[in-house]
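Enquirer: Order-wise, the sequence lines are chains S and X. According to my numbering, the first sequence is numbered sequentially starting from 1. According to my numbering, the second sequence is numbered sequentially starting from 1.
For the record, the hints were derived by calculation from the structure and aren't laboratory data. One thing to keep in mind: the hints can contain errors.
Only some residues are given here: those of chain S computed to face chain X with a beta carbon under 10 Å [unchecked claim]:
no., residue
1, Leu31
2, Glu80
3, Ser81
4, Arg82
Below, in silico cross-link-like pairs of lysine-lysine (BS3-like), each with a Cα-Cα straight-line distance of 27 Å or less [what the hints assert, rightly or not]:
no., chain 1, residue 1, chain 2, residue 2
5, S, Lys104, S, Lys59
6, X, Lys50, X, Lys122
7, S, Lys55, S, Lys106
8, X, Lys383, X, Lys373
9, X, Lys8, X, Lys122
10, S, Lys104, S, Lys55
11, X, Lys68, S, Lys78
12, S, Lys59, S, Lys106
13, X, Lys383, X, Lys300
14, X, Lys68, X, Lys8
15, X, Lys52, X, Lys122
16, X, Lys226, X, Lys373
17, S, Lys78, X, Lys122
18, S, Lys104, S, Lys78
19, S, Lys106, X, Lys8
20, X, Lys373, S, Lys106
21, S, Lys104, X, Lys8
22, S, Lys78, X, Lys8
Here are some of the chain S residues that sit facing chain X, going by a computed Cβ distance under 10 Å [as the list claims (entries may be wrong)]:
no., residue
23, Ala36
24, Trp40
25, Ile41
26, Pro43
27, Val45
28, Glu47
29, Ser50
30, Glu52
31, Leu79
32, Arg95
33, Ala100
34, Ser116
35, Glu117
36, Glu122
Even for Gly, the Cβ is constructed at its ideal location relative to N, Cα and C.
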Amino acid sequence: MVEADLGFIEELMANLRIPSVAWFDSSHSALDSLIARAFWIGPLVRERASNELAKLLLKPETEGVTLQALITGLSSEKLESRTVIWLLPMVRARREGWNAPIDKIKQAVQTPSVVSETLLAEL
Amino acid sequence: MFDLGVDKYRDLQVLAGCSSTYTPSLFFTRYCRAFVPPYFADTAEEISEKTKVNFTQLWGWECERLMKSLAIPEEVGDVSSYTFQTGRNANLPGAASTAAEVLKSSFLRCVAWFYLQRLLSKEEFVEYSIKVLPIDLSLWDITTGTPPDWWPRSDHQPKEISALEEWDQCVHLPERHVNGSRLLAAEGAVIPATQEIRSYFSLLPFAYSIRGPISDVCTRIHRTLKQSLWIKYPLSEHLITIFDGPNLDQWIPLYDPTERIGGVQVFPLIAGVRLSHINIWQYWRGMHPPFFPTPHLLIKDGFVTHDANGWYYEAAGQRVFEGHDWRIGSLERTYHAEYDLTGQYALCDPEWLNSYLEKAVLRLAHALRVSVKQRNREYEDPKEFHSCWLLNLGAVVT
């Protein structure tokens, strides 16, 4: 019965090609996934991801790699509104006592606006 | 004030290339209200009308230019799953796609360009631009908690709307004390027990004196109290951290300090704090501006502060006012047939409140408005009902 079912399903699939899932052999890290969530379509997901990135900045063992990832993203960002999203974890961490490398962050901003300037003033 | 940084915007001069005959693309025209909050399109129209220069046209032009330069296709795609479900289906408030980021960025650039052209003042430039920020930094520190035990709740017994248990619970809220503090104001969803009936209430305090015969003024008084707002001056320091304090000198009250409504001289005691930006990451705090005392209750050298549990007003070494909010669930999606399961409340020191009332020779009353959505079947559109009461309004003519 099971064999017949499978055979029928195979017939229905015909020449359907299932898209490959790149997750298993992707070189992207968990940090990349978290950063992707910071730009997720849902605002609550963005907020939670941004908050977690701030926490990673506050931990000595994750600070370096997190800062580097945020600076890299910030320096290649071409939209002013997304620049704000890159800055928010850093501002959040700063309010929790993180020693922010202000000059490095300022230099990385490629699409500044009055909004990003307001955030930089809070660092 | 920080450096406005208008000279730092990238390639702003390119905006001079927009032809006066340019017509925004159909994609822009169709989705500039759908992909981002309507504030942006409304403000674009407002600026166009005020300056007699077509801001919307320039915004559309810059949006199209950015979309092309970043190779973003003009298509709706998967976004429709999140933002175009009207009616009975759930919606995702504040959903932001890549196209939405382009719309916001191009809006920012056009505002800066208009400021450079001296078509907008410095205050307007900051006010319009800062709306793009998705969260207030001080509110980010404050946890939205769980509903307190005393919050009005529905019971499981099906009833006629006129006999709902929550009516009585809401009416008795002004008598409630919590850990020695008096409940001053509360608003939010009644915690529901059934899918069929959902309720929402708003209980707002005011001081009053009676100046003449009282007519049916409840709805008008509640509306006046609800419209009482604080805003922060756009060029103030720490514009994006409303409850960091301590300065209140750059807070602006946006309402009449007192108003005579049908024989009742009304003095609002609570005003909502309207944030400078669209607080889209915690949208419930933007839709329901956090409570704060009006200037009637403020004391010299008093200041605003906050911690992880709430926001406060402190004076003479005492915490005389505290605000808190709650939610159930993530609130990621909103449902047309229901009120969002969130609320806020304000507690105060009874002596602080009484000292104002005694000094001003006024009495305390509350305006209570309750709304109910009812539907008999899940796929039905709900019917909505509203009722309003004035609580503890004495009939003493002074």
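Enquirer: Which of the numbered hints are not met once you compare them with the structure shown?
Expert: Checked against the structure, the hints that fail are numbers 1, 13, 20, 23, 30, 33, while the rest are satisfied.
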